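Sequences and hints are given; from them, build the entire structure.
This is what each chain is made of:
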Amino acid sequence: MGFGSVEIGAGRPVVVFDPGFAGSPAHLALAKRFRVIVPNKTELTPRALGETIADWAASEGLETVGFAGAGALAPAALWAASAAGERASAAVLVSPDLPLDDDALQPLLTELKTPKAVLIGTLDETQARDAPALYRTRLSRSNVVLVYGAGGDIAADRPDAFARVVGDFLDRQARFAFMTGSLALE
Amino acid sequence: MKTCFLGTGGYTGRVAYRGWPTPPELCDRQEAANSMATAIRNYKLAEEAGFDWVSISEHHYAPGLMTPNPAILAAAVSQQTSRVKIALLGPLVPLINPVRAAEEIAMLDALSGGRVVVLFLKGTPNEHATYGTNPAETREITQEGVELILRAWTEPQPFSWEGKYFQFRTVSVWPRTVQDPHPPVFYSGNSDESAEFAGRMGLSCAIGFAPPPKVKQQVDIYMKAARAAGWEPTRDNVLYRGRMIIAETDAAAQELAERIAGVGPGTTPTGAPAGAGGGDPTAGPAGVQFLGSVESVVKKAQALHEAGVGILDVAFAGGGMSRSMELFGGAFGPALQEVA
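Which chain is which? The protein sequence lines are A and B, in order.
So my numbering is basically just the index in the first sequence, starting at one, shifted up by 763.
So my numbering is basically just the index in the second sequence, starting at one, shifted up by 390.
No lab work stands behind these hints, which were simulated from the structure alone.
These figures come from a predicted structure and were not determined experimentally.
Each residue gets a CB set at the ideal place from its N, CA and C atoms; glycine is no exception.
Just to be clear, a hint being listed does not mean it is correct.
Unchecked claim - Among chain A residues calculated to face chain B with C-beta under 8 Å, some are:
hint, residue
1, P895
2, A940
3, M942
If you want it as structure tokens, here you go:
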């Protein structure tokens, strides 16, 4: 891919665009079920970064790959999913700093078929009060998840919750709306 | 000063049992129906007597307060009254599904034409045994549940909630509340932490059974937190709950109080610890915060008003409901309206 990355875990691959995520407790938690690849910090734009990773996934012969991006790198997950086409299983935007009025991004917001989840911390003061509704209405095929007790760095604030939600969404996409855990006792 | 009548939905038959839970076999089935009819009649009387609000609590497994789901009784009351605010004081958040509560309260707001007020509480220790709640977690559960309910009322689009105690993959409440953005929400101000939470979250504050100096202390904590969060509560944001016996004279009220002293904790109409008076040394052995003639009780109300209280939520203790209501409608209610 032309730059380094930190990779932990085995299973279906997911690329997380968030250099600070590498080696974190959330990374380790997600890696219990997935092969989690975190590209190192680069000077590439989100678009170039996403497209580079999509090329790398193709060159690796990956059948499916999930993408997640945090903050200002959230658009990279959308660009990667767009460039990866059918190969992209899901895109997760974490505390996104998404320029919703960016003309270049519009087709990705409205037409990208890849299922999308947007995670917003309830203590994140950088997100506008209407952000959940805005993301829900502006992004096609999107779910908005409010993560209680988390600020802007959801993975750091609630690592297990982060891994549970992101992992479940990567696994089940549209069926994410239904819980799978059983209440039955032995 | 605004006034709120706390009805009990209490069992109207006799139960010679003081423990909790009370065995269901002691409940006569027809008397259960009579009790609900009596409760609704008392709420209607309260509206006619001039109360501004009526309130309904949530309690479980005992005859004193047979309102395990206050929204059901409130729905009935909403159809028998037209003016009073209907206060759920309050749903016990650790015991309930918060999304279901948001839906029920929104329904109630629609049924009542936007007259709902709500106080979310964590419940008393015995009630945490009702549905198997861990008492050590109730404060955190309540705070998360309240935040979830507020979101459920205000988010215009469906969302998922990944909490510490609650996880919901789809929340999208219909109907919306009639009141915009939602009914007034109170939160307990009895502990320092909860008073601080109420102020920080922009909620109103309810304090129960404490003496005026303690009330003042809690109001100060609440106000400080509210100001730090950028808003300024008024007295209308502070409710006080207490038990009341008013009679023609102080002596007559005292005699009534002595008659009910020693009532067990399972049967106190307000949930107040009987005999303790919530730490109020003036409450006496029966735990009655407002005790005496109209003049004496107004004096107590004045002290609470000076402590920052704008709404009195009172339960008439010791029977004599009709006479107490008459006194309220005759002299006490108007006198309280003058307290400012």
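(request) May I ask which of the numbered hints given earlier this structure violates, with the numbers listed in increasing order? (result) When the structure is compared with the hints, none of them turns out to be violated.
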